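Trainee: For reference, the chains in residue letters:
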Amino acid sequence: MTTTITKTIKAGGDYTTLQAWEDATPVSLVAVDQIWQGQASGAFSGASGTLLTFSGTTVDSTRYQELTTEAGASFRDNANVQTNALRWNSANGCSITSSGSYGTTINASGQAQVRFSKLQVEATTSKTTCFITGPTSDIDGCIFEAAKTKVVEINASTSILRNCLVVQRRTAVTECAKLSYGCTVVNCTFVTPNDLTKPAEVITGAGASVTTKNCAMFWGTALQAGGSAPTYTTCGNDNGTPPSGVTQFTYDTSLFQNVSDATRDYRLLSGSGLIGAGTVDATNAPTDIAGTTRGASNDIGCWQFVSAAAVVLMGQACL
Amino acid sequence: MEFLIRVVDKGVAMDCSKRGDVISACSDGWAWSAEELNNDYWRIISVLGILQSAVDAAMSSAPPDAVIPLGQRKRRNWMIDFLLLPDPSLFSGARTLPIISLTKNQVQGALVKKP
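Residue numbers (our numbering), protein chains in the order written: chain E, 53 to 371; chain Y, 733 to 847.
Hints in this document: simulated from the structure, not taken from any laboratory. Every value quoted in this text rests on a predicted model; they were computed, and no experiment measured them. Glycine included, every Cβ here is placed at the ideal spot set by N, Cα and C. It is possible that part of the hints are untrue.
To spell it out: a stretch of chain Y is covered by chain E in this simulated footprint if at least three of its residues, at any positions, have a beta carbon under 8 angstroms from a beta carbon of chain E; those stretches are [unchecked claim]:
1) 756–763
2) 779–791
3) 803–817
My request is simple: use the sequences and hints to build the entire structure.
Mentor: Below is the structure:
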């Protein structure tokens, strides 16, 4: 029977750096029949580009590496998660930042079966991407922000990005995200603040068609370029004449709390056209980025709107 | 700075971390965990005044978008050749010191690019 080996990654934990946790993974998780789970807490930063590389571990679909947060340490565990601005903010929970002049904050391009959840990842320079996946990876409920040519790169037909916020903060770049080779993207929000020059495209691709469902994709001169045209299901975009499966919305504060760079906040607000406009996907999006159960009505994007009255009740339940 | 370094190959595959690879680079006085201080596959070295360019080299790997087949990507482009350090025996077998102090010239001189 597979055993989950849980290690804390924090000051005073089992490991103090993300890469030490990864390097301590048994060379074959299949041979030892283990899931190697890291539970991070606090803020991780570095100036040498890549903070965490996954590679060299033998895995399969039931024995893999998983990086998440310690209980109570994620932005989604914050008592004010419903009222905090939805953006990268290390004060809200565990965060990973690279200020390096090259590389990728987290590079999983050489490793299959990586699971990654509840984390905030940032790249602050123009030469660093937040996250690149390899095959068969599952990235759920994370915030990615960067000022790089692309913020995230999802690269394999067997990988999925879901319930994530992806914010491009560099002006006049090519793209917000690169989604390629038939990967699946569900209930994600891909945006550039509207006081920055639009990227050429919101998403670019290569190879086989990407499956895109319930995604909010705003502020690009075009929606998509490169590779086969994606399959869209109940997505939202601000460009004219959207493709089948995409509805046009005006990208402003009628949809999100705030779309300016300095004060960005990608929570939906009451009356947003994205509310209830998605398709229920209980497999990939049973909860949103904040941990809210989506239930029978699925909003477009990573955030599921909760009425103010419900927020008050949720707050009382936490007391 | 202080560096966590692997002293035993993790595996035979090219993309496993190898002897001489820097795992993590941390600020002086880093509060390493017991596991990090005691694992015989690792060492911690303390180096005052090392050049940022040397740190960047030690931490570098192939660009993520380089066309390298899965499993063929080296973890690090550079390694520390322990034979070029004053006491190579400190980097084999059981650990005898929790943290090994070296000069920046010793470390920069032992940092070699992999073929």
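Trainee: Could you run down the list of hints and mark each one as holding or not?
Mentor: For each hint, the structure was consulted:
A stretch counts as covered by a chain when three or more of its residues have a beta carbon under 8 angstroms from one of that chain; for the segment 756–763 of chain Y and chain E the count is 5, and the coverage holds. Given as covered by chain E, the segment 779–791 of chain Y passes the check, having 4 residues with a CB less than 8 angstroms from a CB of that chain where 3 are the minimum. Given a C-beta distance limit of less than 8 angstroms, the hint that chain E covers the segment 803–817 of chain Y holds, as 3 residues qualify and 3 suffice.
Comparing the model with each numbered hint stated earlier shows that all of them hold.
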